Amino acid sequence: MGLKEYLNDIVEAVVTTAKGMRITARYGLDPKEETTLQYPEERWELPERYRGFLHNDINTCISCNMCVKTCPMDCISLEAVRGADKKMVLASYDINIGRCMYCGLCVEVCPPKSLKHSLGYEMASVNREQLILRFVQEDASEVKARVARQVAEAAAKAESPAAGKPAPPAKGETKE
Amino acid sequence: MEALAISLIKAVPFLGAVPVWAVALVLMVAVAAVVLAFALTFEGVGSLVLRKVAGDIQVRIGPNRVGPNGVLQFLADGVKLILKEDLTPASADRPLFKMAPYFVFVGSFAGFVVVPFGVGLIAADLNIGVYYVMAVSSLVVIGILLAGWSSNNKWALLGGMRGAAQIISYEIPVGLALIPAVMIAGSLSLQDIVRSQGGLWGIFGWNLFHNPFTFFSFFLYFTAAQAETNQTPFDLPEAESELVSGYNVEYSGIRFGYFFLAEFGDMFVVAALTTALFLGGWNIPFFHAETLPWIWGNLLSLGVFLGKAFTIVLIMMWVRWTLPRIRVDQLMRLSWKYLIPLTFFNLLGVSLWLLVFNGKGIPAMIASLFG
Amino acid sequence: MTARPEALPTQEMTINMGPQHPSTHGVLRVILTTDGEVVTRAVPDVGYLHLGLEKIAERLNYSQFMPFTDRLDYLAGMNCNCAWAWAVEKLAKIEAPERAEYLRVIVSELNRISSHLISFGSFTADMGAFTPFLYGIREREKVNDLFEMLCGQRLTYNYARIGGVSGDAPPGFLEKTREFLDYFEPKIDEYNNLISYNKIFVQRLANVAVISAEEAVAYGLTGPNLRGSGVAFDLRKDEPYSVYPKFDFNVCVGSGERGQLGDCFDRYMVRINEMRESVKILRQAVDQIPEGPVMAKVPRVFKPPVGEVYFRAENPRGENGYYLVSDGSANPYRAKIRAGSFVTMNIFEKVTRGLLIADIVAVIGSFDIILPEIDR
Amino acid sequence: MNPLNAQAIFDTLKGKFGDSVVELQSEGCSPAYVVVAPGSIKEVARFLKDAPALSFDSLMCLSGVDYKDNFAVTYHVYSMANRHSVGLKAMLPRENPSLPSVDDVWPAANFQEREAYDLLGIVFEGSKDLRRILLPPDWEGHPLRKDYKYPESYHGIKV
Numbered sequence: 006m007g008l009k010e011y012l013n014d015i016v017e018a019v020v021t022t023a024k025g026m027r028i029t030a031r032y033g034l035d036p037k038e039e040t041t042l043q044y045p046e047e048r049w050e051l052p053e054r055y056r057g058f059l060h061n062d063i064n065t066c067i068s069c070n071m072c073v074k075t076c077p078m079d080c081i082s083l084e085a086v087r088g089a090d091k092k093m094v095l096a097s098y099d100i101n102i103g104r105c106m107y108c109g110l111c112v113e114v115c116p117p118k119s120l121k122h123s124l125g126y127e128m129a130s131v132n133r134e135q136l137i138l139r140f141v142q143e144d145a146s147e148v149k150a151r152v153a154r155q156v157a158e159a160a161a162k163a164e165s166p167a168a169g170k171p172a173p174p175a176k177g178e179t180k181e
Numbered sequence: 211m212e213a214l215a216i217s218l219i220k221a222v223p224f225l226g227a228v229p230v231w232a233v234a235l236v237l238m239v240a241v242a243a244v245v246l247a248f249a250l251t252f253e254g255v256g257s258l259v260l261r262k263v264a265g266d267i268q269v270r271i272g273p274n275r276v277g278p279n280g281v282l283q284f285l286a287d288g289v290k291l292i293l294k295e296d297l298t299p300a301s302a303d304r305p306l307f308k309m310a311p312y313f314v315f316v317g318s319f320a321g322f323v324v325v326p327f328g329v330g331l332i333a334a335d336l337n338i339g340v341y342y343v344m345a346v347s348s349l350v351v352i353g354i355l356l357a358g359w360s361s362n363n364k365w366a367l368l369g370g371m372r373g374a375a376q377i378i379s380y381e382i383p384v385g386l387a388l389i390p391a392v393m394i395a396g397s398l399s400l401q402d403i404v405r406s407q408g409g410l411w412g413i414f415g416w417n418l419f420h421n422p423f424t425f426f427s428f429f430l431y432f433t434a435a436q437a438e439t440n441q442t443p444f445d446l447p448e449a450e451s452e453l454v455s456g457y458n459v460e461y462s463g464i465r466f467g468y469f470f471l472a473e474f475g476d477m478f479v480v481a482a483l484t485t486a487l488f489l490g491g492w493n494i495p496f497f498h499a500e501t502l503p504w505i506w507g508n509l510l511s512l513g514v515f516l517g518k519a520f521t522i523v524l525i526m527m528w529v530r531w532t533l534p535r536i537r538v539d540q541l542m543r544l545s546w547k548y549l550i551p552l553t554f555f556n557l558l559g560v561s562l563w564l565l566v567f568n569g570k571g572i573p574a575m576i577a578s579l580f581g
Numbered sequence: 035m036t037a038r039p040e041a042l043p044t045q046e047m048t049i050n051m052g053p054q055h056p057s058t059h060g061v062l063r064v065i066l067t068t069d070g071e072v073v074t075r076a077v078p079d080v081g082y083l084h085l086g087l088e089k090i091a092e093r094l095n096y097s098q099f100m101p102f103t104d105r106l107d108y109l110a111g112m113n114c115n116c117a118w119a120w121a122v123e124k125l126a127k128i129e130a131p132e133r134a135e136y137l138r139v140i141v142s143e144l145n146r147i148s149s150h151l152i153s154f155g156s157f158t159a160d161m162g163a164f165t166p167f168l169y170g171i172r173e174r175e176k177v178n179d180l181f182e183m184l185c186g187q188r189l190t191y192n193y194a195r196i197g198g199v200s201g202d203a204p205p206g207f208l209e210k211t212r213e214f215l216d217y218f219e220p221k222i223d224e225y226n227n228l229i230s231y232n233k234i235f236v237q238r239l240a241n242v243a244v245i246s247a248e249e250a251v252a253y254g255l256t257g258p259n260l261r262g263s264g265v266a267f268d269l270r271k272d273e274p275y276s277v278y279p280k281f282d283f284n285v286c287v288g289s290g291e292r293g294q295l296g297d298c299f300d301r302y303m304v305r306i307n308e309m310r311e312s313v314k315i316l317r318q319a320v321d322q323i324p325e326g327p328v329m330a331k332v333p334r335v336f337k338p339p340v341g342e343v344y345f346r347a348e349n350p351r352g353e354n355g356y357y358l359v360s361d362g363s364a365n366p367y368r369a370k371i372r373a374g375s376f377v378t379m380n381i382f383e384k385v386t387r388g389l390l391i392a393d394i395v396a397v398i399g400s401f402d403i404i405l406p407e408i409d410r
Numbered sequence: 333m334n335p336l337n338a339q340a341i342f343d344t345l346k347g348k349f350g351d352s353v354v355e356l357q358s359e360g361c362s363p364a365y366v367v368v369a370p371g372s373i374k375e376v377a378r379f380l381k382d383a384p385a386l387s388f389d390s391l392m393c394l395s396g397v398d399y400k401d402n403f404a405v406t407y408h409v410y411s412m413a414n415r416h417s418v419g420l421k422a423m424l425p426r427e428n429p430s431l432p433s434v435d436d437v438w439p440a441a442n443f444q445e446r447e448a449y450d451l452l453g454i455v456f457e458g459s460k461d462l463r464r465i466l467l468p469p470d471w472e473g474h475p476l477r478k479d480y481k482y483p484e485s486y487h488g489i490k491v
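Protein chains in written order, with this note's numbering: chain A, 6 to 181; chain B, 211 to 581; chain C, 35 to 410; chain D, 333 to 491.
Worth flagging that the hints you see were computed from the coordinates, not collected in a lab. Values in this document were obtained by computation on a predicted structure and should not be read as measured data. Note that CB positions come from ideal geometry on N, CA and C, so glycine has one too. Accuracy of the hints is not assured; some may be wrong.
[Stated by the list, open to error] Here are a few chain B residues that sit away from chain A, every Cβ distance over 10 Å (derived from the structure):
1) A334
2) S348
3) I389
4) L533
[As the list claims (entries may be wrong)] Below, in silico cross-link-like pairs of lysine-lysine (DSS-like), each with a Cα-Cα straight-line distance of 30 Å or less:
5) K314/C x K233/C
6) K118/A x K337/C
7) K331/C x K74/A
8) K280/C x K221/C
9) K9/A x K547/B
10) K478/D x K374/D
11) K121/A x K149/A
12) K37/A x K176/C
13) K460/D x K337/C
14) K37/A x K314/C
15) K374/D x K89/C
16) K346/D x K124/C
17) K124/C x K74/A
18) K233/C x K121/A
19) K233/C x K24/A
20) K280/C x K37/A
21) K346/D x K89/C
22) K490/D x K400/D
This is chain A alone, in the form it adopts within the complex (with noise of 0.2 Å):
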């Protein structure tokens, strides 16, 4: 290693370290380069297209089973009975959080769009049971039972000659 090589060796140290230097003193001394968000006091803007929490509006939900069978995770369970006018009745309809990804999938394929994400992220939780969104609050049960109740209702007023018409529509189970 010649001399001139040596003292080129300090000097380029010393100028790219001022270099640098000059960089990491302009950003420690300009207060608007401040890129942290303080988390719970300030939040974001979501995008529409924010893809958060499912959600599903039962009352339109029409119980096709589409988002079942796409969702790749299998985190969505749905439970349906025919009801008395023929239509499908959701009994449950619950989607395990701690298993979806957030594709996305099972809202684009959903035909009358109930199923939307919302623009919820926030679920933290000390147990896996908290993590499994129930859409019916009743119980699968009361509702297959009074579905039943109801289609054998409409069948018996189908049999009597006295009742021409069929049965008023079930109503959905809904109380979000």
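Chain A is already provided as a structure; the job is to place chains B, C and D on it using the hints.
Same frame as chain A, now just chains B, C and D:
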């Protein structure tokens, strides 16, 4: 200390019966306590400032949850370190493992004793001050080596070995870079060295401006001292991205805390030495601190000294958050091929300068030109 | 690098680097045999993050597997998404509409930038400078904001679809992309000033783990690692797919500017320069993007014809290939994923012989590996 | 740079190796692949790499496939010099599938062969280092086989 004790006994009547050594001992303990309190405070605040500086440079905020704007963060850290479980690995060499942090801490803390904080503010104005600092700071090597060895962890061992090699290598350039200041003052006592820089409005008397060689000496010392105290570009013994955490990887709780405090202690000692040896120490610009009333002189000089030292500490932090880490063979090369030859060259230059110009620096020569 | 007198017999030491180690970029385990600090042998032990993606693919249909490709290379999810879509489209001979192709290129290049930013950041952090990492993260966040606007997620995008993309660019997306490009381009120079040409950084990387061009090809290195060895091979240019032929950009190759050709520094610089080229492509794509639909007509129950296809796309971490075997059903019969990082690890043992422990970190960083891609 | 099409590559190989090269399949396949007798795969690979007109210097992808009746190992090779690519396929019997390793022709093959060995149980004879790569060394079975039974537990941990 003895002289102070005697004068104290003379001044305070009811101490007359107490033997001189007892008073001196009490005084020593008191002074040590004050210095320790200062050191611990600095180390706490230093860690906070370090994190704040890091936050600023890295476009984030830094600690801001404990106390207003995060100023009590260091207390929280301290409490956490004290309360955490102090683990000892099952296969560690227990006595050595337990002892190592004290070596490191003592090595760093003992340096505070000769730091000239002000006109009369020095715990012990040793006549071998500079070499005392170098000697006690070498104690750190033993601590790091012990920690690395006794942890019975290969990463720690590598860290300890690196630390030993590094600190021993860099003792030489550090020592050689300090000698110019000693030569100019003609004394190893830090107070004498600071006093020798008092002239010429207290700024141009600094050794930094004495002659070109001392100017370079300052930078050489700063670089070498960074390496000797394992600050970042040279933090190889810890090297968290290579050796996980190096020699202190197995430590937790307060024992880790000692390493942590020692790191900041070293930082301050280096900054204080830089200030005292090259930047005029406690000399107040345009004043003679010694001519002021005792209390004012000391307070002002203390302020000036701490101001300078903290500036140096800030620069060290700034460097730390800018530069990447050097490799172990390059570290050795830097010491033996660059710093040691350069410090020798500088030493030669300063000696010749002092010989040729009869001990006068450039500012003094310019001043004498204008009468 | 180190000449050791044979007269001094020393014992070799086996060190376990990883799976928990700050610089192994995840759960890579390297079994180091060292002589002091000098590594005599470094054997990578992979598989700690084995996801069984290929097995999963066999029980899902083609579109259901799309979200899993996000997990393949989580720093470049968009690239993997698009590569999967292109591969399946090649198998089924579907053509996505042009606007969809443009959007795919836009997101791929944006993702390439953000992935290279992480690579740059984590590499410098491995080298001990933590600050550039956060600068890189800051810019990456801006890319993530764009992606969030486009597809609603910041990491696992699941944006591409077989036959198109899941959604058209929302209003303002292209303008924001342009804004980002204007903001980002000067930052690359800043990175160079801050760290790339820093003496210590250069010294750490120059002449470390030199891979010659022949070796790089023989060992199947792809992407920036291959180009770092001076081989000008870029699938976007040499096996053009999608609308890449319409754009004017250069293939960045290592030049050996600070040491031997093919060292860690060259691989690093290729990535830095590639960000600039991506900006160039993005500017053209954003300007030229045509109007039109973003989804082709694909039957809901999608069954590609019987056949076998190997498709590869240029991902930030090299060639991302999918070997698809279709038996005519809705699920792939076999989906082999060829990932850049996995093949790159092959050469690891060879190039790390005789390096220092600190260099091992540099090599891992310069290969820019990502573990889910290795372990799949 | 002189890219050849698959037919030309097949003809060259057929001329050189005769019966060891079985057929060319291009129906629905991209790239088209040449079916090669497993025993001669190494010679074919060596020839593909060394013949200047072919010079397939890069192994893109090596995959094992379970075709239920038999196994196959597919090699996708590419020539950096000539910019052409072709697939090679060796069909193996279901019982004791094994074929020569090509890792000294293309070093890139090593990890991918290990992967095929690990996940499908195909043995590559003469491989430098044929160990399980993704799964633990004591894992039983080869998961990518179509008849793979998922284990109940591994070292007492429920799978």
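Evaluated hints:
Every CB of chain A lies more than 10 Å from the CB of A334/B, the least distance being 36 Å, so the non-interface label holds. For S348/B, the non-interface assignment is confirmed: its Cβ lies about 27 Å from the closest Cβ of chain A, beyond the 10 Å cut-off. Chain A leaves I389/B outside its interface by the beta-carbon criterion, the shortest separation being 21 Å against a cut-off of 10 Å. Distance to chain A contradicts L533/B as a non-interface residue, since its nearest Cβ pair spans about 6 Å, not more than 10 Å.
Using a Cα cut-off of 30 Å, the hinted pair K314/C and K233/C holds, with the two alpha carbons roughly 29 Å apart. Proposed proximity of K118/A and K337/C is supported: the alpha carbons are some 25 Å apart, at most 30 Å. For the given pair, K331/C sits about 21 Å from K74/A by alpha-carbon distance, which is consistent with the 30 Å threshold. For the given pair, K280/C sits about 27 Å from K221/C by alpha-carbon distance, which is consistent with the 30 Å threshold.
For a cut-off of 30 Å, the pair hint linking K9/A to K547/B stands: about 14 Å separates their Cα positions. About 27 Å separates the Cα atoms of K478/D and K374/D, which keeps this hinted pair within 30 Å; it holds. A hinted pair counts as satisfied when its Cα atoms are at most 30 Å apart, and K121/A with K149/A qualifies at roughly 26 Å. Simply put, K37/A and K176/C have alpha-carbon atoms about 16 Å apart, close enough for the 30 Å limit, and the pair holds.
With a CA separation close to 41 Å, the supplied pair K460/D and K337/C exceeds the 30 Å bound. Between K37/A and K314/C, the direct Cα distance comes to roughly 29 Å. Compliance with the 30 Å bound is thereby established for this hinted pair. Taking the CA atoms of K374/D and K89/C, the gap is about 29 Å. The hint holds against a cut of 30 Å. Of the supplied pair hints, the one linking K346/D and K124/C holds, its CA atoms being roughly 28 Å apart against a limit of 30 Å.
Restraint check: the Cα-Cα separation between K124/C and K74/A comes to about 25 Å, which is no more than 30 Å; the hinted pair holds. For the hint linking K233/C to K121/A, the alpha-carbon distance of about 54 Å lies beyond 30 Å, and the restraint is violated. Distance check on the hinted pair: K233/C and K24/A sit about 11 Å apart at the alpha-carbon level, within 30 Å; holds. Among the hinted pairs, K280/C with K37/A is inconsistent with the structure: their alpha-carbon atoms are about 40 Å apart, more than 30 Å.
A hinted pair counts as satisfied when its Cα atoms are at most 30 Å apart, and K346/D with K89/C does not qualify at roughly 35 Å. Between the alpha carbons of K490/D and K400/D the distance comes to roughly 29 Å, so the proposed pair stays at or under 30 Å and holds.
The structure fails hints 4, 13, 18, 20, 21 (numbered hints given earlier, in ascending order).
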